[in-house]
Each structure stands twice: as structure tokens, then as C-alpha cells.
Amino acid sequence: MTVSALPNANGSEIVIKITGRFDFSSHQEFRQIYENAAPDIQAYTIDMNEATYLDSSALGMLLLLRDHAGGDNSDIRIINCNEDVRKILSISNFGQLFRID
Amino acid sequence: MSSASLTILIADDSSTDRHILSAIVKQEGHQVIEASNGMEALDRFAERVPDIILMDALMPQMDGLEASRLIKQRAGDQFVPIIFLTSLQDASSLARCLENGGDDFMSKPYNRLILKAKINAFGRMRRMHDQLQSHNRQMLLEQQVAKTVFDNVAHSGSLSLPNLRYSLSPLAVFNGDTVLAERKPDGGLSLFLGDFTGHGLPAAIGAMPLAEIFYGMTQKGFAMEDVLREINAKLYTILPTEVFCCAAMVDLDVTNKMARIWVGGVPSVYLYRADRGSIEAIESSSLPLGVLPPRRFSPEPRDFPMANDDRVFLWSDGIVESHNAAGELFGEQRLAAIFAQHPDPDTLFDAILAAVENFIGGSGHDDDITLLSATMVDMDVLGLPLLHSSKASVGGPMDWKMRLELGPQSLGVFNPLPLVLNILTEVEGLRTLSGELYTVLAELFNNGLEHGVLGLDSAVKDDALGFSHYYRMREERLAELQQGHLCLDILHRPIGDGGELTLEITDSGPGFDHSHQDMASVTDNPGYSGRGLALVRQLCDELTFNPAGNSVRATLRWPRPTWSESQPNG
Numbered sequence: 001m002t003v004s005a006l007p008n009a010n011g012s013e014i015v016i017k018i019t020g021r022f023d024f025s026s027h028q029e030f031r032q033i034y035e036n037a038a039p040d041i042q043a044y045t046i047d048m049n050e051a052t053y054l055d056s057s058a059l060g061m062l063l064l065l066r067d068h069a070g071g072d073n074s075d076i077r078i079i080n081c082n083e084d085v086r087k088i089l090s091i092s093n094f095g096q097l098f099r100i101d
Numbered sequence: 102m103s104s105a106s107l108t109i110l111i112a113d114d115s116s117t118d119r120h121i122l123s124a125i126v127k128q129e130g131h132q133v134i135e136a137s138n139g140m141e142a143l144d145r146f147a148e149r150v151p152d153i154i155l156m157d158a159l160m161p162q163m164d165g166l167e168a169s170r171l172i173k174q175r176a177g178d179q180f181v182p183i184i185f186l187t188s189l190q191d192a193s194s195l196a197r198c199l200e201n202g203g204d205d206f207m208s209k210p211y212n213r214l215i216l217k218a219k220i221n222a223f224g225r226m227r228r229m230h231d232q233l234q235s236h237n238r239q240m241l242l243e244q245q246v247a248k249t250v251f252d253n254v255a256h257s258g259s260l261s262l263p264n265l266r267y268s269l270s271p272l273a274v275f276n277g278d279t280v281l282a283e284r285k286p287d288g289g290l291s292l293f294l295g296d297f298t299g300h301g302l303p304a305a306i307g308a309m310p311l312a313e314i315f316y317g318m319t320q321k322g323f324a325m326e327d328v329l330r331e332i333n334a335k336l337y338t339i340l341p342t343e344v345f346c347c348a349a350m351v352d353l354d355v356t357n358k359m360a361r362i363w364v365g366g367v368p369s370v371y372l373y374r375a376d377r378g379s380i381e382a383i384e385s386s387s388l389p390l391g392v393l394p395p396r397r398f399s400p401e402p403r404d405f406p407m408a409n410d411d412r413v414f415l416w417s418d419g420i421v422e423s424h425n426a427a428g429e430l431f432g433e434q435r436l437a438a439i440f441a442q443h444p445d446p447d448t449l450f451d452a453i454l455a456a457v458e459n460f461i462g463g464s465g466h467d468d469d470i471t472l473l474s475a476t477m478v479d480m481d482v483l484g485l486p487l488l489h490s491s492k493a494s495v496g497g498p499m500d501w502k503m504r505l506e507l508g509p510q511s512l513g514v515f516n517p518l519p520l521v522l523n524i525l526t527e528v529e530g531l532r533t534l535s536g537e538l539y540t541v542l543a544e545l546f547n548n549g550l551e552h553g554v555l556g557l558d559s560a561v562k563d564d565a566l567g568f569s570h571y572y573r574m575r576e577e578r579l580a581e582l583q584q585g586h587l588c589l590d591i592l593h594r595p596i597g598d599g600g601e602l603t604l605e606i607t608d609s610g611p612g613f614d615h616s617h618q619d620m621a622s623v624t625d626n627p628g629y630s631g632r633g634l635a636l637v638r639q640l641c642d643e644l645t646f647n648p649a650g651n652s653v654r655a656t657l658r659w660p661r662p663t664w665s666e667s668q669p670n671g
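Protein chains in written order, with the numbering used here: chain A, 1 to 101; chain B, 102 to 671.
Quick caveat, the hints were computed from the structure, so don't treat them as lab data.
One or more hints might be untrue.
To be verified - Here's a subset of chain B near chain A, in silico, CB distances under 10 Å, partners left out:
| no. | residue |
| --- | --- |
| 1 | F297 |
| 2 | T298 |
| 3 | L302 |
| 4 | K321 |
| 5 | P341 |
| 6 | T342 |
| 7 | E343 |
| 8 | P395 |
| 9 | G497 |
Note that CB positions come from ideal geometry on N, CA and C, so glycine has one too.
Work out the full structure, taking the sequences as your base and the hints as a guide.
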């Protein structure tokens, strides 16, 4: 899988795009993206449009991002999930922690 | 100067070349073994495994290529570098040397400097390989020991009960999946299936405290919610953010024929109805364990009536997420189809495993494939739980009494049964009766709470719909409770070689007409309610109500006949 990031014009938001399988092999890559992002990032959007699948390690990575982004005060949206990805997020009830559109 | 002396096998049919090579190698401080053809090289290799082999490609009897192939075969996991020394120049011949097990080659006439450098380089590689292998052996050894400890902790429960089936397929020495089962003091059964994120040691580590909490609290009679809260709090504290445990928990109450089910992060638990062959899917309704801080984690299990031979199926995501060679997921539809196609409930478990195995074929497992099923049975199929005691066998308090009075605030949040049971089993003679004691306590306490304090009518439970309605009302009224109390008087006194325990439970309710209860027996109550009191009557020596019907007194004397002797036939 690949991860790419795109900050918006005013630099307060970042879109992280996931392509392919989102699993333990992307741990390093995913972590680097949000750790290297500008410090004034307020909001995160995870674009799953081209993500085919995610496993429980990916759920763990989302939790790491949530901690990094301020825990309960974080602003993270997960968008464009396909059916498989949405199913996994809903079984885990991650809707309680993230905005899933 | 090389860092260590190596043993080097030189195989060359030209004695001149051999001598020159030997001289160079010995000058560098290495030891030399000589062979004049491939056959000899094999014999020398069998006598003593060298650190490096310098092999001429063209030799009579057996050439270097054949000898290399055989040596590499025999070396197995050992790394024995072979450097070909050859007058061959064309690329395809040189490539063939490497294809037959060679690791490098040098063309004749060779450069002394480069030869020395290559020997040193391969010597380093060989040492690194040895180190790697010894680390690997050490790691496997440590994992074996850790696994023994892990198995003793995690699998010490009741997984061998006749109404349980389970399958755990390990990906490594450990896997992220945990299956636990333990008897409850009331004779029922608690099941837990957990799936930690990741695999291997990190995934297995969380299972140890989890198992300890599950077994410890289940044996003491704590409610499912309490056990889950404790596990969540522990995992939240000890695990790093990205590691958590997707899980499902099921309590089977074999007396009242119901299942309490909680699902957090694993696929839906299936409830299979044996009479209709239908399935009910109980969906995940909670975040996995170890994600939410304790103050925000509030498990809400649901209750389901179950007839004998009905089954629950619990699985990790390994089953629905198994891939076939084409990358398709096994999926829930295929799973549901198996239930539809297999009318015999006894073969369902094997049918599911076989279908998944068949589906993934040779493509290998993506995740741990774990399956657990339990069948609703009568208590006599399981026998009474044997609750172990680590304390000494004599003594304990014999002449004592105590009173515990719980007001509305306490009744809403506190389950006194584990505490009371702990005190009762301080009496040595009562310890072996803790199963019976818990059942008596629980039935009488819940009767007093539900009918007396909360004013619930058990007639509501007469059908499956009313059953869940009843337990919803119980929860609502308990949450809003403003008045009422429940009083528990316990008296123990010694008699003869044993003792007598009197439990008196009084509620603040108006009482009820118990005249018909005095005659009832277990078999008269085929519905969802009313089994409790009949069972208590069997377990006690005496059971009496006060005239108003808001106070009940149970007396048990010990030593007493065993369960099977006091059981009525049938």
C-alpha cells in the first residue's frame, strides 16, 4: 500500500490518502506522515477511496493518529470507505472515535 | 590480517594449482584440507565441515558443479560458502556455477589480493550466519518456554467441557487469538473469545492478564459487566495505544436457560436455534477492549433465551476475512449458507472449518482462524463446578452471624454476591458447596430484588419477546431506583461434625403469594421463568417464606449428600 498526504491551502488541514491494503506493513510510512506534518495542523481527513482493505493493525494506527491529534479533542474524518472497509470500522465501533462519512 | 583462522577446503585436480592456493591460504593463517576431485571433496566435507570451499569447476570423476550441488544439499541450514575457481570465461558457464550452489567465482589465473579479500568477506558472512542461527535457536527456545507458561495461564479453564468445541490455528508459536472458558459458581459457563491486534509475542502478552482476570472473577461469581470492565481497565493501562483486544463474551445460564452476550469488535456472534435451524446474528455493539479509558467503558450485554441444544458460535475475523487464491473474502454470506445447508447441528462446527479450509485452499492463512461454539445443555451434562481452594483444609469461622443491608443507591451499582460467597467459603465445610451456595444466594437475592424491590412480574417472561422486555425493564428500574432495600441475614452455627447455615433475605416489597411455589418443581415450569425457586428448594434442607412473602429463609446443613444423590431421578 502507499500513503500520501496533502495539506490544504491555509495549512491547517491535511488529507492522508491510503491506497491498496492498509495493514501492518504501512506502519512506518503512516506514522512518518502525521509526525512530519506541520505542527499547526488542526484537522485530519483519511481518504479511503483507493483503500481495498484494512486489518486490525490499521485500526491500531488510526488510534495512534487519534492520540497524536489530541485524543478526545482530535478532529479526524474518515471518508470514501468501500463496503469492506466500512464493515471493519463498524464492527469495531470506531464511529465512536472518528467521524466516518 | 584476517580476524580469525578458518578451515578451507580446496578441491582442484591440478596438484600445482592446489599447492599454490594452499600456500596463499596458509600464509593468511587458515587451515587447509585438500581434495583432487568432486568425490574427494564430498568425502572431506563429510569428515569435517569447512568454513569455506574453493572449488575448481572442471574435475574428473565428479566435477565441481555436481559436488557443489550435493554439498549444499547436505549442508542444509548451515551456510558453507563455495567460491568457484575456473578457467571458464563465458557468462553462461559462470552463471551455471552459481546456479549449482556456488556463492561466487574467480577466474584463473586469480589475483592473490582479491582471493584473500574474498576469503575474508565470506568468513565474515559465515560468522554472521552462525550468529543469526544461534539467535534464532535461542529465540525459539525462549518462545517454547514462554508458550508453556502462556498455555498454563490462558488454557487452564474448562475448554474440555462436553458442550464446547473450539479451534485455534496458530500462525506462529503464539497467535493473537485467545479462547477462554470457565464455570461460574452457579454451575453456568462463561466463554471469552479475544483477538489482539497483531501477532506473536506482543499479541500474546495481553492475553496473560486477561486470562487471569477472566478466570479469577468468573470463579468468584462476578457479573459479565464487571469482568469486562476489569479487563478493559487492565488492558487500557498496560497495552500501547495501537494494541487492543477485539472480543466477544457469552455467559450460559444452564439453569434459567439463557445466554448473556456481549460483542466488541469481532464479527457477529451467531445464535443457532436447533428446532428451526435458524440463526440470529448478535452484532458488535462496543469498541474493543483496551481502547476506552475505564470511566467511559460501559458494556451492555444483551440477554437471550436459549432452549437445550441451541448453540452459540463465536469467531475472530479470521474466518470471514479468509482469502482464497483469487483474493476474494470468505465473507458472511458463505458463512450463513453453511448454516442453511447443514440441518444437523452436530456437524455444523466441522462443516464451517472444512468450508473455510477448502475455500482458502493453498493460499495460506491471512489471519488466525478461531472458532468457538457452545451448546445449551442441562446441568447434569456438565456436573457441578469444582472450585479450587488453595487454603488449608481445617478451621474457619463456625459460630457467627452477619447482616448486610443494601439501600437503593447500592442496589443499582453493587453486586454483593461475590463478596458474600467469599465470606461463606471461609467456613471450611462450606467451601466445597460454593456452587450450590452461589445458586441459592443468587436466586433468592434476584427474586427479592426483581419482584420485591423492583416490582417486576415474572409472568412477563413467558415468551421470548417478553423475556428481553423483562430484562430491559429490570435495567431501567434499577437505574432509577429511589427507595427500597434488601436485607441479607446470615447465621452459621456448628452442629455435630458439621454446621448449619441459615440465609435470610428480606426485601422491602409487599411480598407475594408463595403458596403455589411450595409445590412447584423444576419440571412443572417449561417456560422462561420459575425454574429458580424449584432449584433452590432442591439444594436446601429447608426453604420457608414468611406469611407476607417478602422474606425467605434457606437452611443448609453440612456435611451433606453429594449433588447426584440429592438429585431427583430424571
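Cross-check of the supplied hints:
1. F297: holds, 8 Å
2. T298: holds, 4 Å
3. L302: Since the shortest Cβ distance to chain A is 14 Å, the answer is violated.
4. K321: Hint violated; B:K321 Cβ to chain A Cβ min 29 Å, cut 10 Å.
5. P341: Since the shortest Cβ distance to chain A is 9 Å, the answer is holds.
6. T342: Holds. Min distance 5 Å.
7. E343: This interface hint holds because 3 Å falls under the 10 Å limit.
8. P395: violated, 14 Å
9. G497: violated, 46 Å
The structure is inconsistent with the numbered hints 3, 4, 8 and 9, although it conforms to all the rest.
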